[in-house]
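Undergrad: Okay, here's what each chain looks like letter by letter:
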Amino acid sequence: GDSVTQMEGPVTLSEEAFLTINCTYTATGYPSLFWYVQYPGEGLQLLLKATKADDKGSNKGFEATYRKETTSFHLEKGSVQVSDSAVYFCALLTSGGSYIPTFGRGTSLIVHP
Amino acid sequence: EPEVTQTPSHQVTQMGQEVILRCVPISNHLYFYWYRQILGQKVEFLVSFYNNEISEKSEIFDDQFSVERPDGSNFTLKIRSTKLEDSAMYFCASREQGASEKLFFGSGTQLSVL
Chain A
1 GDSVTQMEGP
11 VTLSEEAFLT
21 INCTYTATGY
31 PSLFWYVQYP
41 GEGLQLLLKA
51 TKADDKGSNK
61 GFEATYRKET
71 TSFHLEKGSV
81 QVSDSAVYFC
91 ALLTSGGSYI
101 PTFGRGTSLI
111 VHP
Chain B
1001 EPEVTQTPSH
1011 QVTQMGQEVI
1021 LRCVPISNHL
1031 YFYWYRQILG
1041 QKVEFLVSFY
1051 NNEISEKSEI
1061 FDDQFSVERP
1071 DGSNFTLKIR
1081 STKLEDSAMY
1091 FCASREQGAS
1101 EKLFFGSGTQ
1111 LSVL
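Just so you know, the protein sequences line up as chains A and B, in that order.
The first sequence begins at 1 in this note's numbering and counts up by one.
The second sequence begins at 1001 in this note's numbering and counts up by one.
Keep in mind that the hints were calculated from the coordinates and are not lab data.
Take these hints with a grain of salt, some might be off.
[To be verified] Dumping the calculated DSBU-like pairs for lysine-lysine here, alpha-carbon to alpha-carbon at most 30 Å:
hint	chain 1	residue 1	chain 2	residue 2
1	B	K1102	A	K68
2	B	K1042	B	K1078
3	A	K68	A	K52
4	A	K52	B	K1042
5	A	K52	B	K1102
6	A	K52	B	K1057
7	B	K1102	A	K77
8	A	K68	B	K1078
9	B	K1042	A	K77
10	A	K60	B	K1102
11	B	K1042	A	K68
12	A	K56	B	K1078
[To be verified] Which chain A residues face chain B? A few, computed with CB under 7 Å, are given here:
hint	residue
13	E15
14	G43
15	L46
[Stated by the list, open to error] Stretch by stretch, here's where chain B covers chain A in the computed footprint (C-beta under 8 Å, at least three residues):
hint	region
16	27-41
17	103-109
For glycine and all other residues, C-beta sits at the position ideal for the given N, C-alpha and C.
Produce the complete structure using the sequences and hints provided.
TA: Have a look at this one:
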């Protein structure tokens, strides 16, 4: 079945550091890929998405590229801020069936001033 | 921005008791979901609901669980005879009609079964 594997956290960085959170997936067919973010005390919210191979999703300085050859969708940001501290969830959705996104376990990011 | 509201934020119960977790989805959304996350594990799909009936459910969602939309605004998850392993964060989500891929999530209910 479909699955998403994320790197374990927490990831702890200083402000302005470069961020990478790894995500790999297993899916039948050609999924759409997503990153959701959960800020403290809030619900998960969609951060960015990519719907086909080599697409790059971007939002709020975050980027992720859909790599079909490595079945990956790593999240990156060039310079993190304290306000980026949150839990980041990678997810996939396969087409043609039920609309049930599959999520990873989430990776906690802590950014220190 | 409109949001999904879940209550309570924390629920503590004794093993064997029944709990009801409540959600108010975004008002014009038609598809509703429950997911859960056991500490340290993946976010797992439980059930989806559309047009006043269950559209899909996972193998986790057995006879112990039920969902209901008792009125035009609430969407509830009932867990009967709770077990220790039901302890988890439960997330409600909703999305609008059409091809939107965007789910809107509540902030979750942390259920602790003692």
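Undergrad: Work down the list of hints and note, for each, if the structure agrees.
TA: Hints and how they fare:
Straight-line distance between C-alpha atoms of K1102/B and K68/A comes to about 22 Å, which keeps the hinted pair within the 30 Å bound. Note on K1042/B and K1078/B: the hinted pairing holds, with a Cα-Cα distance of about 21 Å set against a maximum of 30 Å. A C-alpha spacing of about 8 Å is found between K68/A and K52/A, which places the hinted pair at or below 30 Å, so the restraint holds. Between K52/A and K1042/B the CA atoms are separated by roughly 24 Å; this keeps the pair inside 30 Å, and the hint holds.
With a C-alpha separation of about 16 Å, the suggested pair K52/A and K1102/B falls inside the 30 Å cut-off, and the hint holds. Distance hint between K52/A and K1057/B is fulfilled; the C-alpha atoms sit about 27 Å from each other, no more than 30 Å. Between the alpha carbons of K1102/B and K77/A the distance comes to roughly 22 Å, so the proposed pair stays at or under 30 Å and holds. Between K68/A and K1078/B, the direct Cα distance comes to roughly 40 Å. Violation of the 30 Å bound is thereby established for this hinted pair.
Distance hint between K1042/B and K77/A is fulfilled; the C-alpha atoms sit about 23 Å from each other, no more than 30 Å. With a C-alpha separation of about 17 Å, the suggested pairing of K60/A with K1102/B holds against the 30 Å cut-off. A threshold of 30 Å between alpha carbons decides the hint, and for K1042/B with K68/A the separation of about 22 Å falls inside it, so the pair holds. The hinted pair formed by K56/A and K1078/B fails the criterion: a straight-line CA distance of about 40 Å is larger than 30 Å.
For E15/A, the interface hint is violated, the least distance from its beta-carbon to any beta-carbon of chain B being 26 Å, above 7 Å. Contact between G43/A and chain B, as hinted, is supported at the beta carbon level, the nearest pair being about 4 Å apart and thus within 7 Å. Proximity of L46/A to chain B holds as hinted, the smallest CB-CB distance being about 5 Å (cut-off 7 Å). Closer than 8 Å: that is the beta-carbon criterion, and the region 27-41 of chain A has 5 residues meeting it against chain B, so the requirement of 3 holds.
Under a criterion of three residues with beta carbons nearer than 8 Å to beta carbons of chain B, the stated coverage of the region 103-109 of chain A is upheld, 4 such residues being counted.
Hints 8, 12 and 13, counting from the list given before, are not met by this structure.
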